Amino acid sequence: MKAPIDYLLHLADNALVLGQRNAEWCGHGPILEEDLALANNSLDLIGQARLLYQHAAELINSNASLAQRFAHLQGARQDGRVTEDTLAYFRDTAEFRNHTLMELPHHGPLVGYAVSERDYAVTIARNFLVSALMVLMWDSLRASKDEQLAAIAAKSLKEVRYHLQHAGDWLVRFGDGTEESHRRAQNAIDLLLPYCEAFWHPGPAESAAAQDGTGVDILSLREHWNALVNETLAEATLTRHDQPHPGYIAQGHTGIHSEHLGFLLAEMQSLARAHPTAVW
Amino acid sequence: MSAATEASLQAVSQALAHLTDPEIPVVSLSELGILRAVREGADGVPEVVITPTYSGCPAMGQIADDILVALRDAGLPGRVVTQLAPAWTTDWMSTAAKEKLRAYGIAPPQGGSEPATTPGVLRFSRHAARPASVTCPHCGSRNTTRIAPFGSTACKAQHRCLDCLEPFDHFKPY
Numbered sequence: 001m002k003a004p005i006d007y008l009l010h011l012a013d014n015a016l017v018l019g020q021r022n023a024e025w026c027g028h029g030p031i032l033e034e035d036l037a038l039a040n041n042s043l044d045l046i047g048q049a050r051l052l053y054q055h056a057a058e059l060i061n062s063n064a065s066l067a068q069r070f071a072h073l074q075g076a077r078q079d080g081r082v083t084e085d086t087l088a089y090f091r092d093t094a095e096f097r098n099h100t101l102m103e104l105p106h107h108g109p110l111v112g113y114a115v116s117e118r119d120y121a122v123t124i125a126r127n128f129l130v131s132a133l134m135v136l137m138w139d140s141l142r143a144s145k146d147e148q149l150a151a152i153a154a155k156s157l158k159e160v161r162y163h164l165q166h167a168g169d170w171l172v173r174f175g176d177g178t179e180e181s182h183r184r185a186q187n188a189i190d191l192l193l194p195y196c197e198a199f200w201h202p203g204p205a206e207s208a209a210a211q212d213g214t215g216v217d218i219l220s221l222r223e224h225w226n227a228l229v230n231e232t233l234a235e236a237t238l239t240r241h242d243q244p245h246p247g248y249i250a251q252g253h254t255g256i257h258s259e260h261l262g263f264l265l266a267e268m269q270s271l272a273r274a275h276p277t278a279v280w
Numbered sequence: 001m002s003a004a005t006e007a008s009l010q011a012v013s014q015a016l017a018h019l020t021d022p023e024i025p026v027v028s029l030s031e032l033g034i035l036r037a038v039r040e041g042a043d044g045v046p047e048v049v050i051t052p053t054y055s056g057c058p059a060m061g062q063i064a065d066d067i068l069v070a071l072r073d074a075g076l077p078g079r080v081v082t083q084l085a086p087a088w089t090t091d092w093m094s095t096a097a098k099e100k101l102r103a104y105g106i107a108p109p110q111g112g113s114e115p116a117t118t119p120g121v122l123r124f125s126r127h128a129a130r131p132a133s134v135t136c137p138h139c140g141s142r143n144t145t146r147i148a149p150f151g152s153t154a155c156k157a158q159h160r161c162l163d164c165l166e167p168f169d170h171f172k173p174y
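Quick note, the sequences are listed as chains A and B, same order.
In this text, residue positions in the first sequence follow full-length UniProt numbering: the first is 1, and each later residue adds one.
In this text, residue positions in the second sequence follow full-length UniProt numbering: the first is 1, and each later residue adds one.
Wrong hints could be hidden among the right ones.
Below, computed lysine to aspartate or glutamate pairings styled on DMTMM-like, alpha-carbon distance capped at 25 Å [unchecked claim]:
(1) A:LYS145 <-> B:GLU114
(2) B:LYS98 <-> A:GLU180
(3) B:LYS98 <-> B:ASP66
(4) B:LYS156 <-> A:ASP79
(5) B:LYS100 <-> B:GLU166
(6) B:LYS156 <-> A:ASP169
(7) A:LYS2 <-> A:ASP79
(8) B:LYS156 <-> A:ASP190
(9) B:LYS156 <-> B:ASP66
(10) B:LYS98 <-> B:GLU166
Hint data in this document are derived by calculation from the structure and do not stem from the laboratory.
Predicted model, so just to flag it, every value in this text is computed and none were measured.
Start from the sequences and build out the full structure, keeping to the hints where you can.
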């Protein structure tokens with residue numbers, strides 16, 4: 001049994017987009033050890049994305065109506081068949097199914113000339129909030145009726161546990177640190193927590209996957225996620241200001257993205273699109 | 001399985017016995033648990049089954065290439081099949097392989113791959129997951145500290161010995 005294609009793409013896009021975002025720190029980390037940490041974190045995420053895209057590509061190639069739906073993607077095909085690269089490099093913004101949270105830049109809203117102001121507190125806060133979810137997701141998905149997805153989950157769980165520990169350590173260090181690190185960590189949490197509300201509003205593919213046993217009923221993880229988040233925030237002396245949720249619920253997982261995803265994809269996809277037959 | 005098939009699979013295994021991880025040239029692929037099996041494919045061609053370590057480990061492509069080159073050099077047919085389940089774990093590493101790692105200057109994985117505390121998801125909380133101190137591969141002291149949770153490859157973290165003062169890599173339990 002195979003999971004719905006849009007569910008596989010949702011999981012893959014989450015991993016790829018966050019992996020690409022975090023890779024921005026490569027060569028720019030606040031300290032050498034964190035530079036390495038974020039590069040390794042991205043390597044894991046992009047590795048997970050590859051496994052998921054390979055699985056999705058197989059599904060597309062073996063199903064006539066899916067092959068029809070993805071017929072407009074002609075890049076990076078192998079003997080006419082869709083590959084992982086076709087899905088990663090040749091889909092446009094509206095075809096991505098990742099949560100909006102993954103694509104946000106490493107800073108809050110900027111005004112005036114958009115200079116880059118990467119803030120490591122935002123990076124750490126996001127990695128913590130996402131890893132807390134993914135630990136629970138992969139743990140449950142080990143029992144997926146899609147055997148390949150279950151195998152990917154068992155591997156990914158090992159990796160994301162480590163990410164959670166890394167991000168959690170730093171969040172406590174920032175929150176329970178200096179006045180400035182506390183302020184920046186609190187701002188980051190205040191900025192990002194509202195986007196997490198989207199986790200609990202599954203799109204049609206997520207609901208279908210939960211129905212047929214290939215996916216996980218995301219709402220069943222909410223209490224655990226809250227417990228994980230609240231425990232670490234308390235230790236970090238940080239406060240949650242997101243309850244009740246203030247309003248708009250991000251829609252990235254249904255294909256309606258923030259303005260940031262297009263720029264991220266433009267950078268990530270430009271090489272593959274400029275040289276579609278390149279091999280290295 | 002016929003005796004002839006068995007002999008040809010044996011020949012494939014032998015041709016691959018000398019292959020090592022490109023990043024850790026002292027441990028063989030089967031000792032590391034990457035090379036899982038040599039079997040007969042549905043069409044009679046031998047299949048070499050490998051399993052990735054970390055999802056994004058960049059050495060996997062090199063390892064698959066090395067296998068194909070070794071087979072070609074030995075004049076043997078065969079192809080590489082990647083299999084994810086059961087997920088690779090450092091628990092598969094033999095005692096002999098761990099000793100080779102240590103002698104090479106890498107502290108072998110210490111502690112099991114699964115968090116050893118109570119079941120349920122909250123076992124992933126940071127304190128429960130805090131690793132015990134790792135034995136220094138150079139002087140054997142347990143008086144060591146972790147410098148960074150990540151290192152030069154996906155499978156390693158950086159530690160330092162507080163007695164002999166040497167830095168060293170720790171192969172993380174996975």
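Evaluated hints:
Using a Cα cut-off of 25 Å, the hinted pair LYS145 (chain A) and GLU114 (chain B) holds, with the two alpha carbons roughly 23 Å apart. Of the pairs offered as hints, the one joining LYS98 (chain B) and GLU180 (chain A) is violated, with about 45 Å between alpha carbons and a cut-off of 25 Å exceeded. Proximity of LYS98 (chain B) to ASP66 (chain B) is assessed by CA-CA distance (about 23 Å); at most 25 Å being required, the pair is judged to hold. This hinted pair does not check out: LYS156 (chain B) and ASP79 (chain A) have alpha carbons roughly 38 Å apart, beyond 25 Å.
Our distance criterion of 25 Å between C-alpha atoms is met by LYS100 (chain B) and GLU166 (chain B), whose separation comes to about 19 Å. Among the hinted pairs, LYS156 (chain B) with ASP169 (chain A) is consistent with the structure: their alpha-carbon atoms are about 18 Å apart, no more than 25 Å. At roughly 23 Å between alpha-carbon atoms, LYS2 (chain A) and ASP79 (chain A) fall within 25 Å of each other, so this suggested pair holds. Distance restraint check for LYS156 (chain B) and ASP190 (chain A): the Cα-Cα separation of roughly 34 Å exceeds the 25 Å cut-off, and the hinted pair is therefore not satisfied.
Taken as a hint, the LYS156 (chain B) and ASP66 (chain B) pair is honoured in the structure, with Cα atoms around 22 Å apart against an allowance of 25 Å. With a C-alpha separation of about 19 Å, the suggested pairing of LYS98 (chain B) with GLU166 (chain B) holds against the 25 Å cut-off.
Going through the hint list in order, the structure does not satisfy hints 2, 4 and 8.
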